[in-house]
Amino acid sequence: MTTATVKLTKSQGYRMVADALWKTNPISKQVLGICSALAVTVQMNTAIVMALALTFVVAFSNLIISMMRNAIPRNIRIIVEVAVIATLVIIADEVLKAFLFNISKQLSVFVGLIITNCIVMGRAETYAMANPPGRSFLDGVANGMGYGSILVGVAFFRELLGSGKIMGFQVVPQFAYDLGYTDMGLMLLAPGAFIVIGLFVWLEHTLLKD
Amino acid sequence: MENLLSIFVNSVFVGNILLAYFLGMCSFLAVSKNITTSVGLGVAVIFVLTITTPANWLIYSFLLAPGALAWAGLAEVDLSFLRLILFIAVIAGIVQLVEMVIDRYSQALYNALGVFLPLITVNCAILGASLFMVERNYTFGETVVYGMGSGIGWALAIISMATIKWKLRYADVPEGLQGFGLNMIITGLMALAFMLFSGITL
Chain A
6 MTTATVKLTK SQGYRMVADA LWKTNPISKQ VLGICSALAV TVQMNTAIVM ALALTFVVAF
66 SNLIISMMRN AIPRNIRIIV EVAVIATLVI IADEVLKAFL FNISKQLSVF VGLIITNCIV
126 MGRAETYAMA NPPGRSFLDG VANGMGYGSI LVGVAFFREL LGSGKIMGFQ VVPQFAYDLG
186 YTDMGLMLLA PGAFIVIGLF VWLEHTLLKD
Chain B
115 MENLLSIFVN SVFVGNILLA YFLGMCSFLA VSKNITTSVG LGVAVIFVLT ITTPANWLIY
175 SFLLAPGALA WAGLAEVDLS FLRLILFIAV IAGIVQLVEM VIDRYSQALY NALGVFLPLI
235 TVNCAILGAS LFMVERNYTF GETVVYGMGS GIGWALAIIS MATIKWKLRY ADVPEGLQGF
295 GLNMIITGLM ALAFMLFSGI TL
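Respectively, the protein sequence lines represent chains A and B. Quick note on the working numbering: the first sequence kicks off at 6 and runs consecutively. Quick note on the working numbering: the second sequence kicks off at 115 and runs consecutively.
Bound-form chain A, shown alone (with noise of 0.2 Å):
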């Protein structure tokens, strides 16, 4: 049992996971990707949603770009690698259109925003264009993880505080709301969520200073 532990947290898949979800996540550290962490948190359902997509995008990408990168001509790798992206990043949002309807009204515009996503950019150009696909793949897997939770940490609290909700299931009793309490509905907009992520980020970093 022991061992098996030890043996995981040495391999190198677990490492880079770890690093993605904590040493350098990718948006409370290099702050990258925030335009969409903070539009679509208002719930759970549609935070993980975009962090699925967002890391099928990512993997994809890395996966493709790494296949491709001693093919692709240095002066014109930012065209090659953003079309790529953006086919992927249709793809998803077709798929999304096709089997979850409602939930992509509600991202509307931010799927599409993927592809602006400095994420996805930024590990085809610092990681995929110099690791072989494996790797890459990984890589893109564990940075879209790093995200999600960010995401789902976020639109737990903004849910919970917002609409005494999580997931779409009220959580709050009625009683609660019979003895006076009242949803905040600051969370529900756009302040609210710059706030709670700046709180999230300050606790973080504390926490992460030891």
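Since the hints were made in silico from the structure, they are not lab data. Nothing here was measured: the structure is a model prediction, and the numbers come from that model. Hints should not be assumed to be uniformly reliable.
Computed from the model, here is a short list of chain B residues facing chain A with C-beta under 8 Å [stated by the list, open to error]:
#, residue
1, LEU137
2, ALA169
3, ILE202
4, VAL204
5, CYS238
6, GLY242
7, PHE246
8, GLU249
9, THR301
Derived CB-CB ranges, DEER-like [to be verified]:
#, chain 1, residue 1, chain 2, residue 2, range
10, B, TYR224, A, VAL176, 54 to 60 Å
11, B, ALA179, A, ILE171, 35 to 41 Å
12, B, ALA179, A, PHE106, 38 to 44 Å
13, A, ILE171, B, GLN221, 56 to 62 Å
14, B, LEU233, A, LEU105, 29 to 35 Å
15, B, GLY313, A, ASN75, 56 to 62 Å
16, B, ALA179, A, GLN179, 43 to 49 Å
17, A, VAL176, B, VAL287, 31 to 37 Å
18, A, LYS170, B, GLY313, 25 to 31 Å
19, B, PHE311, A, ASP188, 22 to 28 Å
20, A, ASP24, B, LEU223, 40 to 46 Å
21, B, MET214, A, VAL176, 53 to 59 Å
22, A, PHE174, B, LEU172, 44 to 50 Å
23, A, LEU213, B, ASP286, 20 to 26 Å
Just so you know, even glycine gets a beta-carbon here, dropped at the ideal spot from N, CA and C.
Take the given structure of chain A and dock chain B to it, following the hints.
Chain B alone, transformed into the frame defined by chain A:
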């Protein structure tokens, strides 16, 4: 006319593309350290948004929208799924073109904007404005006003942010909150202030 005015006021204040829709955060956080550069980037964004949003409107209405190809005898073709890739290509192309034109005709403006123009291609506010324009079914006139209003709103937000940061430079901020955390909270309070404009009805 009133309609255009209300779209303008809405895109600058209440529906501010940065403070209400969170678009263009990356460059907003990166560049707002310095007031002069913020003004430069703000002007460049106004410029590019005013040009690219109407250009994308033309492309969408005459090439991509369902039934848009009726003039070519292909009324049943729907290419709207191509809009993401085409919009980003148009933006990248126009930014390049604008850079070349400015370089040729106004050296002073080129020196002021030069560094920021390439950065703008990946600013999600630019692509976001084009996508919102499609989603809201604006007419051409409305699109021009919306593009420009969004640019002005974004510039206003980044310049105010740079000024607030300048004021805060000697403030005693708790250690963990310094940097990103504090920036987000300042932006949140600013967003709160901008939302007050929603009480205005035109």
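What are the numbers of the hints the structure violates, in ascending order? Checked against the structure, the hints that fail are numbers 2, 4 and 12, while the rest are satisfied.
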